[in-house]
Amino acid sequence: MPWTKIQADDSRGRVRFGGGERPERELSYREAIREALSQAIETDDRVFLIGEGIDDPGGVFGTTAGLRERFGAGRVMDSPIAENGMTGVAIGAAMTGMRPVFIHMRVDFLPMCMDQIINHAAKWSYMTGGRVKVPLTIRAVIGRGWGSAAQHSQSLQALFAHIPGLKVVMPASPYDAKGLLLGSIAGDGPTVVIEHRWLYDQKEGVPEGPYVIHAGKGAIRREGTDVTIAATSYMVYEALRAASELEGEGISAEVVDIRSVQPLDEGLIVGSVKKTGRLIVADTGWKVCGVSAEVAAVASEYAHDALKAPVKRICLPAAPTPASVSLEKAYYPGIEAIVRAAKGMV
Amino acid sequence: MPETTIESCEVKRLEILSENGDADESLAPKFTDSQIRELYETLVRMRTFDGRALNLQREGRIGTYASILGQEAAQLGTAYALEKRDWIFPSFRENGVFVARGYEMYMILQYWGGDERGIKVPEDINMFPISIPVGTHMLHAVGAAMAAKYKEDKTVTLTYFGDGGTSEGDFHEAMNFAGVFQAPVVFICENNQWAISVPRARQTAAMTIAQKAFAYGFEGIQVDGNDIFAVYKATKSAVDKARSGGGPTLIECHTYRMSDHTTADDASRYRTKEEVEAWKEKDPILRLKRYMEKKGLWADSYGKQVDEDAKALVDEAVKKAEAVEKPKPQDMLVYTYKELTPRQKKQMGDF
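Chains as they are written, first to last, in this note's numbering: chain A, 5 to 350; chain B, 104 to 454.
I should point out that these hints are in silico values taken from the structure, not numbers from a laboratory. The structure displayed is predicted, hence computed values, not measured ones. The beta-carbon is built from N, C-alpha and C at its ideal position, and this holds for glycine as well. Please note that a few of the clues may not be correct.
[What the hints assert, rightly or not] DEER-style ranges, computed between Cβ atoms:
(1) Met310(B) / His166(A): 38 to 46 Å
(2) Trp382(B) / Glu73(A): 54 to 62 Å
(3) Arg372(B) / Gly62(A): 50 to 58 Å
(4) Phe454(B) / Val329(A): 52 to 60 Å
(5) Glu396(B) / Asp192(A): 34 to 42 Å
(6) Lys207(A) / Gly205(B): 55 to 63 Å
(7) Lys448(B) / Cys293(A): 19 to 27 Å
Let the hints inform the model, and build the full structure from the sequences given.
Printed below as a string of structure tokens:
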């Protein structure tokens, strides 16, 4: 199969940003995604892209720009505006062996697809004893700022992570964006890849060839001994900035990039908490029943004896995103909240 | 500027075999005698299976079951028009289609008995599993058809749904995608007049369901759904058209749900005995039998033999279904993902 060689060579999947060997060629997060999509299409005849506006000159924040010109309308397909319809069509194609990548400019459009995702994509493998696979990749973007507001900037990872049968990954770096996307396309089941709009201009060294990172692996972004900050997506950067500031205060913070929300790399989180004895979870989503709750529960279940302080969670308050700039500033917690939480624990 | 008619559509209805068994030979498909017998025998097998499944449910030996009584011709006539390589996306009432496609009857019973291993479709049968939510699978059929078109493999996809399913948004989306992408898909609406207790008139103000196809840019036709010749002919023509690149077709099989919606329903609370009685005369199996009598293809001994053979096959299936070993609790976890997640690994130990 076209992916065997790429999957077998997973040594590159161990490269970590913020340490380890780094290729010299730098790519932005958006370029890394576009490269992953191009290489997937080139590698495997069964891969096609579908989504509203993906052949637009803007190309979903630049991530699909030029792909239709390069690969044709058969592989890069715009469609009638029907999110649920497209999901069903992509699932049907995946059930017969295709590997669709279904692209949404906003994760907020996914609630229109929930029946197809939850009742079908997530279920067929289980309901058929593994006979029917749905190798479907759904890319969705968390918006933020510019008054994106209540219906265009949600962070819905917990909704999907709750459903057995779905995988949910949240790449924070260009390297991970490429690897996790290719890993998802190469995989056998449905995966929701949640990107963050504020990350598209992030740059780092990215290998030129295709490589895969499979869901289920977190990554340590910075080592520390006093407190673990487990973060998702954009919050990884806030955590890293907070860790630098804490260093000046004599507090050594370890930053865990959760990277895969479902499956969660429980071993990595538990190991880190056992080492530091303290846990802060910083998530881009809501606090109530969110990813932070699951991570905190894992620490409570498997590292309780090591905890020297109650777990703190830096997440969104239980309200929709405000459009007003002043309210938005208050709404999104960041580095200050993380620093304050850490100081209160150590 | 004058007002002009820029588009109009004609809605056709096809009938070939009358209630008393007379066929319009100019329209009838060119079946051989042995094909006619094969059709009759399969119809009887479908009905025998269905009757037994209802009884098994009443005896508490399987779970809730959706009967196909009265809809056998709509199911067989459509399935019979397909090649082995073609794909079917069924709704929950296509038990007859499963039988017609050679699906092991014991597995159908196993499925309705609550054991999902019954729907692990064998590799050599191109059928997708039953979709329980109403209408959602039509989109899968369109996606599969679009994939077939992309792969240029000349397979056709056929999907079944009821009159109730046409009220779902998924129906609109599936029809629209099929039209826009000229997908090689055939939509079979088994309009059985009732969606549980909601009558056909409450699903749409349109005179027919067939006419909805025109708004999506392709053909729709209504057929007498209890007339296996008409059902077959319309389906065969739609399948041939799809295979040769002519795009989708909607076929409305005008039929009647003789039984309750499922065993969890009691239709006598919302429809009259007279209505049901009137449809008894239109029975699809009875009319094929009458046709065979007129054609000299019938003998009472033959009819008896067909009944007995069907009963024996179903008896065997029941025995086999009930002898299947129960699944292990761990099986719940193993097929959700290709590999167990860390949490699932821990949960394996809970059983």
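Quick rundown of the hints versus the structure:
The hinted range of 38 to 46 Å is satisfied by methionine 310(B) and histidine 166(A), whose Cβ atoms lie roughly 45 Å apart. One distance hint, 54 to 62 Å for the beta-carbon pair tryptophan 382(B) and glutamate 73(A), holds here, with the actual separation near 58 Å. As the Cβ distance of arginine 372(B) to glycine 62(A) is approximately 57 Å, the hint placing it in 50 to 58 Å holds. A beta carbon spacing of about 53 Å between phenylalanine 454(B) and valine 329(A) agrees with the range 52 to 60 Å that was offered as a hint.
A hinted range of 34 to 42 Å for the beta carbons of glutamate 396(B) and aspartate 192(A) is inconsistent with their spacing of about 54 Å. For the pair lysine 207(A) and glycine 205(B), the supplied restraint of 55 to 63 Å holds, since their beta-carbon distance comes to about 58 Å. Here the CB-CB span from lysine 448(B) to cysteine 293(A) is close to 24 Å, well matched to the stated 19 to 27 Å.
Going down the numbered hints, you'll see the structure goes against just number 5.
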